[in-house]
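S.K.: What follows is each chain in one-letter form.
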Amino acid sequence: MRIIIEGVIYFYLFICAALLLFNVIYIYRQTQKEKNKEKRIESWKQKLKKDKQNTILDDKTVEKLKDAQHLTGLYNAMDAVLKDKKKRLTFYKKNMAAFQKLALEYEKHNAMEKAFFAYVLASFEFDGTANEGIMSQIMLQCFEDSTIYCRENLLHALYALGKSQAIEHGFALLNENDWYHSPKLIADGLLKYRGDQKELCERLWRHHDEWRDYLLVGVVQYASMCKDDFFNDELLKDLQDKDTQDEVRFAIIRYFMHHKDEKILPLLLSYAREEGTDDRFAIPACLSLQSYPCEESIDALCQAMHSRNWYVRKNAVISLYKLKADKKASENLGDDRYAREMFEYVGASLKEAA
Amino acid sequence: MSTMVNAILKFGQVFFLIYLMIYASYLFLSVAVGANKLYKEDHRRSIKNELKHDYYFPVSILVPAYNEEVTIIESVESLLSLDYRLYEVIVVDDGSKDDTAKVLIDHFHMHKVSKPIRIAVPCKPILEVYEAPGTKKKLTLIRKVNGGKGDALNVGINASQYPYFVCIDADSMLQTDSLTRIIQPAMEDDDIVAVGGLIRVAQCVRFDGDKVSYHLSDNFLASMQVMEYDRSFLASRILLDGFNGNLIISGAFGLFKKDVVIAAGGYANNTLGEDMELVAKLHVFCRNNNMRYSIRYEPNAICWSQAPASLGDLMKQRRRWHLGLFQCMTRYGFMFGKLRYGLVGTVSYFYYLMYELYSPFIEVFGLFVTLLALFNGQLNIPFLIRFHLLFAIYGSILTITAFFQRIYTQNLKISRSDLYRAILMCFIENIFFRFVLDYVRFNAFLGYGKNKNNWGSIKRFKHSEAK
Chain R
1 MRIIIEGVIY
11 FYLFICAALL
21 LFNVIYIYRQ
31 TQKEKNKEKR
41 IESWKQKLKK
51 DKQNTILDDK
61 TVEKLKDAQH
71 LTGLYNAMDA
81 VLKDKKKRLT
91 FYKKNMAAFQ
101 KLALEYEKHN
111 AMEKAFFAYV
121 LASFEFDGTA
131 NEGIMSQIML
141 QCFEDSTIYC
151 RENLLHALYA
161 LGKSQAIEHG
171 FALLNENDWY
181 HSPKLIADGL
191 LKYRGDQKEL
201 CERLWRHHDE
211 WRDYLLVGVV
221 QYASMCKDDF
231 FNDELLKDLQ
241 DKDTQDEVRF
251 AIIRYFMHHK
261 DEKILPLLLS
271 YAREEGTDDR
281 FAIPACLSLQ
291 SYPCEESIDA
301 LCQAMHSRNW
311 YVRKNAVISL
321 YKLKADKKAS
331 ENLGDDRYAR
341 EMFEYVGASL
351 KEAA
Chain P
1 MSTMVNAILK
11 FGQVFFLIYL
21 MIYASYLFLS
31 VAVGANKLYK
41 EDHRRSIKNE
51 LKHDYYFPVS
61 ILVPAYNEEV
71 TIIESVESLL
81 SLDYRLYEVI
91 VVDDGSKDDT
101 AKVLIDHFHM
111 HKVSKPIRIA
121 VPCKPILEVY
131 EAPGTKKKLT
141 LIRKVNGGKG
151 DALNVGINAS
161 QYPYFVCIDA
171 DSMLQTDSLT
181 RIIQPAMEDD
191 DIVAVGGLIR
201 VAQCVRFDGD
211 KVSYHLSDNF
221 LASMQVMEYD
231 RSFLASRILL
241 DGFNGNLIIS
251 GAFGLFKKDV
261 VIAAGGYANN
271 TLGEDMELVA
281 KLHVFCRNNN
291 MRYSIRYEPN
301 AICWSQAPAS
311 LGDLMKQRRR
321 WHLGLFQCMT
331 RYGFMFGKLR
341 YGLVGTVSYF
351 YYLMYELYSP
361 FIEVFGLFVT
371 LLALFNGQLN
381 IPFLIRFHLL
391 FAIYGSILTI
401 TAFFQRIYTQ
411 NLKISRSDLY
421 RAILMCFIEN
431 IFFRFVLDYV
441 RFNAFLGYGK
451 NKNNWGSIKR
461 FKHSEAK
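Each protein sequence line maps, in turn, to chains R and P. Numbering follows my numbering, with no gaps: position 146 of the first sequence is 146. Numbering follows my numbering, with no gaps: position 96 of the second sequence is 96.
Hints listed in this document are in silico derivations from the structure and should not be mistaken for laboratory results. One should not assume that every hint holds.
Said to hold, decoys possible - Facing chain P, a subset of chain R residues (Cβ under 8 Å, in silico):
(1) W310
(2) E341
(3) E352
Note that CB positions come from ideal geometry on N, CA and C, so glycine has one too.
Could you build all of it, start to finish, from the sequences and the hints given here?
M.R.: Next up, the structure:
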């Protein structure tokens with residue numbers, strides 16, 4: 001029996017010694033790689049400085065750039081030398097065929113390398129004259145075998161390429177494959193899109209019955225951050241529809257804080273007064289009411305100050321201060337200690353922030 | 001009589017054969033899986049570092065503090081300078097007997113506010129709330145009646161305003177990118193309810209802005225713990241992470257999804273291992289409610305925590321850890337072997353039970369069997385020595401491997417003298433130090449009834465002075 005355990009330990013010992021050796025060699029190789037990286041960046045810088053945006057990536061160079069280490073060298077040099085967005089785009093246009101070849105190659109690479117290629121692509125400010133459609137197609141193919149990190153970068157490339165149809169397709173892929181993507185990332189990312197915001201929102205919202213809540217919440221949050229009110233009627237309709245997912249409805253209520261529309265006021269008042277059974281709707285409603293200065297709003301908010309829900313009380317007081325109705329609110333505090341504490345604290349915080 | 005002795009020896013032989021085989025395999029798997037994961041991570045990271053995005057979720061950092069006047073300013077200063085866009089820092093003074101609150105109030109010119117706090121998880125009464133004007137990030141100090149670390153964290157949860165919170169010890173420091181790193185798994189997967197960071201020994205590090213310089217501590221005990229942390233925490237947790245089986249996220253640095261923690265009932269305030277208790281509770285809560293969930297370990301999110309520098313302090317810390325483990329294992333004993341709790345309830349629970357909780361007792365039993373065999377004339381002494389040395393060499397090589405893995409994955413540079421010292425420490429740790437720790441753990445239960453909720457105090461140093 002002891003022979004067995006000795007044998008096992010000797011075997012493990014041997015493997016561990018091999019692992020240790022591997023680590024030592026790996027550390028040595030990493031040091032060498034770091035040195036080579038600096039050299040590569042410097043060599044690319046020299047080349048770009050010499051030819052500026054007219055640098056041509058010949059076949060031999062494209063072959064080299066298939067290695068992600070070389071691509072990072074080019075990208076770092078571009079960042080240092082081609083800072084001007086127009087010059088950078090000119091460089092891309094002169095090498096469109098080369099970038100397409102590289103895109104097809106990186107499609108076969110691992111997720112992190114695909115992500116890096118997409119990241120490089122997203123650094124160009126496309127203007128609709130660089131065959132963006134073809135590149136968008138390749139980026140969509142890259143979604144296969146991707147990680148969240150890769151998908152975020154692919155989406156950024158799609159936003160930069162500016163084809164709304166491709167973005168729609170990208171979101172559909174997320175939905176079909178049940179790939180979770182944070183609504184915050186979606187909303188922040190969509191802001192990079194430089195095309196027609198209205199057309200994009202309408203295109204994406206067409207799927208409001210099919211897509212998962214995180215995608216729709218992201219789209220609503222994006223629409224909230226857009227300047228124009230092109231989306232109100234559709235959203236109002238969905239807010240009233242009981243089949244709409246709760247998270248989406250909360251996002252829609254918050255949307256109407258940024259995009260004032262008198263049509264929603266009765267609904268906001270009803271939520272703030274907690275006329276339904278679910279007080280969760282009162283939380284965003286109380287905050288949105290700060291954009292609707294009228295007696296009814298103030299009355300509803302004064303009532304909400306006494307809610308059992310802590311967040312409702314907080315948002316109601318914030319809105320009352322924003323509506324400059326703090327005097328009336330203070331008269332309505334009564335004996336409610338919780339409402340008074342919240343009223344005093346929010347007042348002091350807002351004063352300090354100002 | 002001799003039949004009974006023979007039966008004990010026979011049982012001991014079979015038991016230790018199986019016990020050591022499993023342990024050797026576990027250690028081996030830990031380091032091998034850890035090596036594989038860290039290698040892949042390192043390869044990915046070389047490219048990932050080139051991708052500069054500004055991803056963030058707002059996070060509340062909770063710092064429970066009890067008698068931390070020596071380190072608290074330095075720790076809070078470092079927390080306020082993290083490279084992260086939106087976060088707040090909440091220090092909870094758990095009825096300190098020293099001037100923890102006063103030094104904070106004076107240093108940051110804090111003023112008293114009447115902040116209404118929503119009591120979502122139970123906690124002892126709050127005495128006062130202070131806020132600091134003009135700090136880079138929002139800083140809040142809450143003074144409360146003493147109730148233990150778990151209770152202080154519950155107050156922090158109640159007072160926090162963001163959907164994720166990070167708990168960190170008051171004597172610990174984060175690297176500027178630690179928050180970015182620990183939040184990444186949560187951004188990637190909405191089912192993640194908790195993420196553990198990597199705890200490392202603060203005595204070995206000096207910060208100069210973003211740069212971290214590393215030098216093995218001059219203190220023997222501290223450098224011994226560096227080796228132990230690398231082998232036990234880094235490698236072992238990566239292995240358990242492979243099947244969502246981690247039962248511990250260190251209280252020194254962990255990220256949690258607030259609504260799930262509140263739904264599960266928050267931290268327990270009647271245990272010495274509130275960190276492990278919370279993780280076990282989250283496993284049970286999510287599985288009982290058929291929730292999709294994941295508890296992850298992120299070795300790139302680093303927290304530098306002061307290791308006890310004297311044997312007395314080390315014994316107090318390990319006693320607390322072991323009792324905390326005991327309390328948690330007994331409280332969640334119902335998980336063991338139940339299908340509902342999957343691999344956490346079998347593999348993880350079994351490992352912590354047999355190789356952490358019971359290991360000091362099993363080692364004493366081993367000593368007893370050895371002595372019995374000696375007196376019975378059945379002990380092969382040359383084999384005993386050879387076997388002990390073999391196992392020590394095996395353990396040492398694993399420790400050295402884990403140490404090197406960490407060096408390359410974190411881009412650290414160490415001097416040649418540190419390298420030699422590290423190798424020497426690995427051997428000393430395996431041949432001698434681990435038995436000291438076993439002794440401490442064996443004695444942890446002495447006076448358990450009286451001290452089961454007593455943390456004991458450990459001497460703190462300013463980070464800049466700790467060596």
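S.K.: Each hint: holds or not?
M.R.: Each hint, compared with the structure:
1. W310: holds, 4 Å
2. E341: holds, 4 Å
3. E352: holds, 6 Å
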